[in-house]
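Participant: Sequence:
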Amino acid sequence: MSKVIGIVSEGPTDYLVLKAVIDKITGESNRYLSLQPERDMLGRFGNGWKGVWRWCKETESVNTLMKEIQPQIDAIVIQMDGDVIRKEKEAHCLCDSTSCEQKGKVFPLYCDKHGDDCPVIIPCVSHKDGIEGTMMHGEKLISSVLDAEDMSNIAITIPCDSTDAWVVAAYDGFDDIETHEDPWKTIIAKKKEYHGIRVRGDKKNVHTYAIFSDKVAESWGEVTQRCRSAKKLEQEVKRFFDI
Numbered sequence: 524m525s526k527v528i529g530i531v532s533e534g535p536t537d538y539l540v541l542k543a544v545i546d547k548i549t550g551e552s553n554r555y556l557s558l559q560p561e562r563d564m565l566g567r568f569g570n571g572w573k574g575v576w577r578w579c580k581e582t583e584s585v586n587t588l589m590k591e592i593q594p595q596i597d598a599i600v601i602q603m604d605g606d607v608i609r610k611e612k613e614a615h616c617l618c619d620s621t622s623c624e625q626k627g628k629v630f631p632l633y634c635d636k637h638g639d640d641c642p643v644i645i646p647c648v649s650h651k652d653g654i655e656g657t658m659m660h661g662e663k664l665i666s667s668v669l670d671a672e673d674m675s676n677i678a679i680t681i682p683c684d685s686t687d688a689w690v691v692a693a694y695d696g697f698d699d700i701e702t703h704e705d706p707w708k709t710i711i712a713k714k715k716e717y718h719g720i721r722v723r724g725d726k727k728n729v730h731t732y733a734i735f736s737d738k739v740a741e742s743w744g745e746v747t748q749r750c751r752s753a754k755k756l757e758q759e760v761k762r763f764f765d766i
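Residues are numbered in this note's numbering as their position in the sequence shown, beginning at 1, plus a constant of 523.
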């Protein structure tokens, strides 16, 4: 039976991928609501990974929200790319190895000391290396601030290095694609066309990503074999769909 799925994502291209693959996993044409970012990208949380983290921090009682919104939301998927863990100092403010007078007093995104004098050291030694460590740290960042008493119908997905890696896995079949940094820049947008599809440099657009999303869904079995983050999302979706 189809469900109403709320999606919290970094942007509209990630939203397209998540919709396509969830329908593929469930075998249903589900209904989707973009909770974050707002469609005009001008909401109070902004967009990108910071918008996702702010939404999680500032949204009160997510379980109540799911019931109050009409149509009522059956499940929520929250996405933040793994490259955040690789390169953003704010993601490591609360790590055990970080010593800072602001630690625990100021939410990392509200701190104004992330310049050269910031004590955060990347790569961080407080969590495991590799894909599993990245996913675990990203999930912890989100779940630790999320106001949700019941996580049974909430899934957190941390595509590594980004959802672009799932695209490359679908088209090119790279087994180690999750270890590649910035696959959009280094692979997909390296030339003017990617597998015959026009790519406009560093700028992603929903028209191009609609094509990519269909390919990811079509090749989802191969994507989950090559991307542990994709496999983890599949397991989470099957859990709250009881598949």
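It cannot be assumed that every hint is accurate.
[Unchecked claim] Here are the computed lysine-lysine pairs in the DSBU-like style, where the Cα-Cα straight-line distance is at most 35 Å:
id: 1; residue 1: K573; residue 2: K526
id: 2; residue 1: K636; residue 2: K612
id: 3; residue 1: K738; residue 2: K580
id: 4; residue 1: K610; residue 2: K715
id: 5; residue 1: K612; residue 2: K761
id: 6; residue 1: K714; residue 2: K590
id: 7; residue 1: K726; residue 2: K761
id: 8; residue 1: K590; residue 2: K547
id: 9; residue 1: K636; residue 2: K610
id: 10; residue 1: K580; residue 2: K590
id: 11; residue 1: K714; residue 2: K580
id: 12; residue 1: K727; residue 2: K612
id: 13; residue 1: K761; residue 2: K651
id: 14; residue 1: K612; residue 2: K738
id: 15; residue 1: K713; residue 2: K651
id: 16; residue 1: K651; residue 2: K547
id: 17; residue 1: K628; residue 2: K738
id: 18; residue 1: K610; residue 2: K628
id: 19; residue 1: K626; residue 2: K708
id: 20; residue 1: K580; residue 2: K626
id: 21; residue 1: K636; residue 2: K580
id: 22; residue 1: K708; residue 2: K738
id: 23; residue 1: K738; residue 2: K727
id: 24; residue 1: K713; residue 2: K754
id: 25; residue 1: K726; residue 2: K714
By construction, these hints were calculated from the structure, which means they are not laboratory data.
Participant: Going through the earlier hints one by one, which of them does the structure break, listed in rising order?
Facilitator: Going through the list in order, the structure violates hints 6, 11 and 17 and respects the others.
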